[in-house]
Amino acid sequence: GQQLNQSPQSMFIQEGEDVSMNCTSSSIFNTWLWYKQDPGEGPVLLIALYKAGELTSNGRLTAQFGITRKDSFLNISASIPSDVGIYFCAGPRGSGNTGKLIFGQGTTLQVKP
Amino acid sequence: ETGVTQSPTHLIKTRGQQVTLRCSSQSGHNTVSWYQQALGQGPQFIFQYYREEENGRGNFPPRFSGLQFPNYSSELNVNALELDDSALYLCASSLPGTEKLFFGSGTQLSVL
Chain A
148 GQQLNQSPQS MFIQEGEDVS MNCTSSSIFN TWLWYKQDPG EGPVLLIALY KAGELTSNGR
208 LTAQFGITRK DSFLNISASI PSDVGIYFCA GPRGSGNTGK LIFGQGTTLQ VKP
Chain B
35 ETGVTQSPTH LIKTRGQQVT LRCSSQSGHN TVSWYQQALG QGPQFIFQYY REEENGRGNF
95 PPRFSGLQFP NYSSELNVNA LELDDSALYL CASSLPGTEK LFFGSGTQLS VL
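Residue numbers (this note's numbering), protein chains in the order written: chain A, 148 to 260; chain B, 35 to 146.
Chain A extracted, bound-state conformation (with noise of 0.2 angstroms):
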């Protein structure tokens, strides 16, 4: 079945450093979605991509829709403390599906002031 494969699981850095963390499938995703989630909160959408090859921006972050539709990859430009949280990459499961989503297993992102 479908499954979301994301590295690093988790990452340890120091403020101002860039992070780079991308997720993989053996299925063919027609719509990338990375989340973040705070501790004790739900995911908070931080980009959404719909085309292979697009690469879209949202402040600091950057992220690629892979040219073979089976990854994506986020970036995050000099990272700040208040990035710290749990990075998850999400896809529609099967296909024409809206709002049922596969969610990979999460990179944790440390920062060190």
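Everything hinted at is true.
Pairwise CB distance ranges (calculated):
| hint | chain 1 | residue 1 | chain 2 | residue 2 | range |
| --- | --- | --- | --- | --- | --- |
| 1 | A | E188 | B | L101 | 22 to 30 angstroms |
| 2 | A | F159 | B | T43 | 25 to 33 angstroms |
| 3 | B | L129 | A | G187 | 25 to 33 angstroms |
| 4 | B | L146 | A | G206 | 37 to 45 angstroms |
These aren't lab readings, by the way, just hints derived from the structure by calculation.
In this text, a Cβ means the ideal position worked out from N, Cα and C, and glycines have one as well.
Given the coordinates of chain A, assemble chain B onto it according to the supplied hints.
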């Protein structure tokens, strides 16, 4: 515009009991989805409600059931609780035709 709200925030039950979790969707959103998030894992899709009908279900047994009301709010019911049901239960609302979900803060359920 109000966001997605869930109640209660925390709940402790014993094995075999039944539980009801509640969710109010974001203003104007008529689609509600429920997810289960075990510790250290990503959310897993339980089911979705649209126009008061179940509109898709993930790999969860029938003892997980739900309702949606005319005001788009929703309930998740779990019968015969098992220890493995301990998790964060997330409700998300959305508009039809979009993958963009807006999540509540969740209900943390502990089954002892």
